[in-house]
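Novice: These are the residues of each chain, in order.
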Amino acid sequence: MNGWILAATLTLGTGLAAALWGVATGPLRRRVVAQNLSTAVACPGLLLLAQGYDRPSYVDLALVLALLGPVGTLVFARLLGDELAENPPRARIATGAAAGFGAVVVLALCVVTGPGRATAKLLVTGALLIGGNLLASRALAGPAGAGKGSGAPWTTS
Amino acid sequence: MDHILIAVALVLVAAGATVAVATRDPARQSLVLAVLGVLLAVLFTVLQAPDVALSQLAVGSALTPLLLLLTVRKVRRRGQREGDDE
Numbered sequence: 001m002n003g004w005i006l007a008a009t010l011t012l013g014t015g016l017a018a019a020l021w022g023v024a025t026g027p028l029r030r031r032v033v034a035q036n037l038s039t040a041v042a043c044p045g046l047l048l049l050a051q052g053y054d055r056p057s058y059v060d061l062a063l064v065l066a067l068l069g070p071v072g073t074l075v076f077a078r079l080l081g082d083e084l085a086e087n088p089p090r091a092r093i094a095t096g097a098a099a100g101f102g103a104v105v106v107l108a109l110c111v112v113t114g115p116g117r118a119t120a121k122l123l124v125t126g127a128l129l130i131g132g133n134l135l136a137s138r139a140l141a142g143p144a145g146a147g148k149g150s151g152a153p154w155t156t157s
Numbered sequence: 001m002d003h004i005l006i007a008v009a010l011v012l013v014a015a016g017a018t019v020a021v022a023t024r025d026p027a028r029q030s031l032v033l034a035v036l037g038v039l040l041a042v043l044f045t046v047l048q049a050p051d052v053a054l055s056q057l058a059v060g061s062a063l064t065p066l067l068l069l070l071t072v073r074k075v076r077r078r079g080q081r082e083g084d085d086e
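Sequences listed follow chains A and B, in order. First residue of the first sequence: 1, per our numbering; consecutive thereafter. First residue of the second sequence: 1, per our numbering; consecutive thereafter.
If you're looking for bench data, these hints aren't it; they were derived computationally from the structure. You may find that some hints are simply not true.
[Said to hold, decoys possible] The calculated label-pair distances, taken between Cβ atoms and stated as ranges, are:
#	chain 1	residue 1	chain 2	residue 2	range
1	A	Thr119	B	Ser55	25 to 33 angstroms
2	A	Ala118	B	Arg78	49 to 57 angstroms
3	A	Gly26	B	Gln80	21 to 29 angstroms
Where a beta carbon is used, it is the ideal one built from N, C-alpha and C, also for glycine.
Assemble the whole structure, with the sequences as input and the hints as a guide.
Specialist: As structure tokens, this is what we get:
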């Protein structure tokens, strides 16, 4: 019907299918990373849906997901920490790609929306999404990988 | 276009639920359940029910895995303690 919904279909179809495949197979480290990336893919998809349906209130969904998705990943990082410590997950490329994709989507939507409160909300959502994702992937990498910047109590057990 | 999007979301939810049932280890199952929660939220959004999707996100993405993992940890600890006693 319109390009936004087409983009949302492609994003959600390919991204979430890949996340589901990653979470269903392979070692535990890969599954945790795939769970983290499912949030990073679904949030831009929901933003594109809000634009496609022309309903700005749907942006709330993406906002809540950007807030709670990293919280869920931190739960896994904390409670599965013993098993992950032996074999810490590293997925810099995938995490960076997902964060960059989220930034591109948020910026495109900001350009379309124009200045105003809606744009501020979009920017807050994007900042929460990218910041939360980087924090969660750093917490997953464990205390050794977190090193310098780990003020998070989640990583120390 | 809308029909294709709904079909994609439905297929993904069906696949995710099947995987969740087929996974045996509770820790890995909770990971699949977290992804399934996001998939269900997307399906509800596509079906124009954003309020349901909002509560599904709140419950599915953080609370369900937390409860499952805490239960698994407690059960394992109790099992270890009883194993030590005997």
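Novice: Confirm or reject each hint.
Specialist: Hints and how they fare:
1. A/Thr119 with B/Ser55: 25 to 33 angstroms: 27 angstroms, holds
2. A/Ala118 with B/Arg78: 49 to 57 angstroms: 51 angstroms, holds
3. A/Gly26 with B/Gln80: 21 to 29 angstroms: Holds, since A/Gly26 and B/Gln80 (Cβ atoms, about 28 angstroms apart) stay within the stated range.
Consistency note: the structure conflicts with none of the earlier hints.
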